[in-house]
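Asker: For reference, the chains in residue letters:
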Amino acid sequence: NADVTQTPKFQVLKTGQSMTLQCAQDMNHEYMSWYRQDPGMGLRLIHYSVGAGITDQGEVPNGYNVSRSTTEDFPLRLLSAAPSQTSVYFCASRPVLGQGTDTQYFGPGTRLTVL
Amino acid sequence: ELKVEQNPLFLSMQEGKNYTIYCNYSTTSDRLYWYRQDPGKSLESLFVLLSNGAVKQEGRLMASLDTKARLSTLHITAAVHDLSATYFCAGAQGGSEKLVFGKGTKLTVNP
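Those sequence lines, one after another, are chains A and B.
Heads up, the first sequence is in our numbering, so the first residue is 163 and it goes up one at a time.
Heads up, the second sequence is in our numbering, so the first residue is 8 and it goes up one at a time.
Hints in this document: simulated from the structure, not taken from any laboratory.
Worth double-checking, as some hints may not be accurate.
Said to hold, decoys possible - Looking from chain A toward chain B, a few residues come up when the C-beta cut is under 7 Å (computed):
#	residue
1	Pro170
2	Phe172
3	Gly204
4	Leu205
5	Leu207
6	Val212
7	Asp264
8	Thr265
9	Phe268
10	Pro270
Unchecked claim - Below, in silico cross-link-like pairs of lysine-lysine (DSS-like), each with a Cα-Cα straight-line distance of 27 Å or less:
#	chain 1	residue 1	chain 2	residue 2
11	B	Lys24	A	Lys171
12	B	Lys75	A	Lys171
13	B	Lys48	B	Lys63
14	B	Lys48	B	Lys75
15	B	Lys24	A	Lys176
16	B	Lys10	B	Lys48
17	B	Lys63	B	Lys113
18	B	Lys105	B	Lys63
19	A	Lys171	B	Lys113
20	B	Lys48	B	Lys105
21	A	Lys171	B	Lys105
22	B	Lys105	B	Lys75
23	B	Lys75	B	Lys63
24	B	Lys48	B	Lys113
25	B	Lys105	B	Lys24
Where is the CB? At the ideal position from N, CA and C, for every residue including glycine.
Extracted from the complex, chain A is given alone in its bound form (with noise of 0.2 Å):
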């Protein structure tokens, strides 16, 4: 089954520690994001990347790393953890454009929380 997979499911992290959430996907997708979702605000995209090697920035992309040297993996990492940081992130792939159903995956999110 086609599948994203996000890790950890929870993490709670003291301020300044930093950490890398994991994101991997099983469909090939060249394709891939990074959300974070927080109450009221809807989904704001962090970071994406089209394919290996190649990343670019969102619209909320301070604090935030990433790197994508395999197709399948899209690692986002905290460079030093702060409170409002404290969000659900949402991992999501999907084919680039004109190469498939352009329907987006959605990973099961990581709630992290930022004391």
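Chain A is fixed; fit chain B onto it per the hints.
Answerer: Same frame as chain A, now just chain B:
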């Protein structure tokens, strides 16, 4: 820069009634997505609308796209309790891979 606005943000309706959720966007968008999210869960893709006049239906939900009016609608027919969820629309500015989401419409269907 593309902005996406949904209304209403909250919708309480009775079973059996019809209603429409509206999704307006500010600049050209070459595709429009609708998603459903249940509390504490991830997003589930409902529809992808790729061209002006596109209409898609699945069960009691029907989505349409009018690119000239920069408007997409999600119509609910004869609502049932199982449709209670938050519904999001998202657009992508012409040629861009970036999706911009609306703030969501929380739908509650009461018996």
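Asker: For every hint, state whether the structure bears it out.
Answerer: Hint-by-hint comparison with the structure:
no. : hint                  : in the structure
1   : Pro170                : 15 Å, violated
2   : Phe172                : 12 Å, violated
3   : Gly204                : 4 Å, holds
4   : Leu205                : 4 Å, holds
5   : Leu207                : 6 Å, holds
6   : Val212                : 6 Å, holds
7   : Asp264                : 5 Å, holds
8   : Thr265                : 5 Å, holds
9   : Phe268                : 4 Å, holds
10  : Pro270                : 5 Å, holds
11  : Lys24(B) - Lys171(A)  : 37 Å, violated
12  : Lys75(B) - Lys171(A)  : 41 Å, violated
13  : Lys48(B) - Lys63(B)   : 24 Å, holds
14  : Lys48(B) - Lys75(B)   : 34 Å, violated
15  : Lys24(B) - Lys176(A)  : 48 Å, violated
16  : Lys10(B) - Lys48(B)   : 25 Å, holds
17  : Lys63(B) - Lys113(B)  : 21 Å, holds
18  : Lys105(B) - Lys63(B)  : 23 Å, holds
19  : Lys171(A) - Lys113(B) : 24 Å, holds
20  : Lys48(B) - Lys105(B)  : 22 Å, holds
21  : Lys171(A) - Lys105(B) : 25 Å, holds
22  : Lys105(B) - Lys75(B)  : 21 Å, holds
23  : Lys75(B) - Lys63(B)   : 18 Å, holds
24  : Lys48(B) - Lys113(B)  : 14 Å, holds
25  : Lys105(B) - Lys24(B)  : 35 Å, violated
Checked against the numbered hints given earlier, the structure breaks hints 1, 2, 11, 12, 14, 15, 25 and satisfies all the rest.
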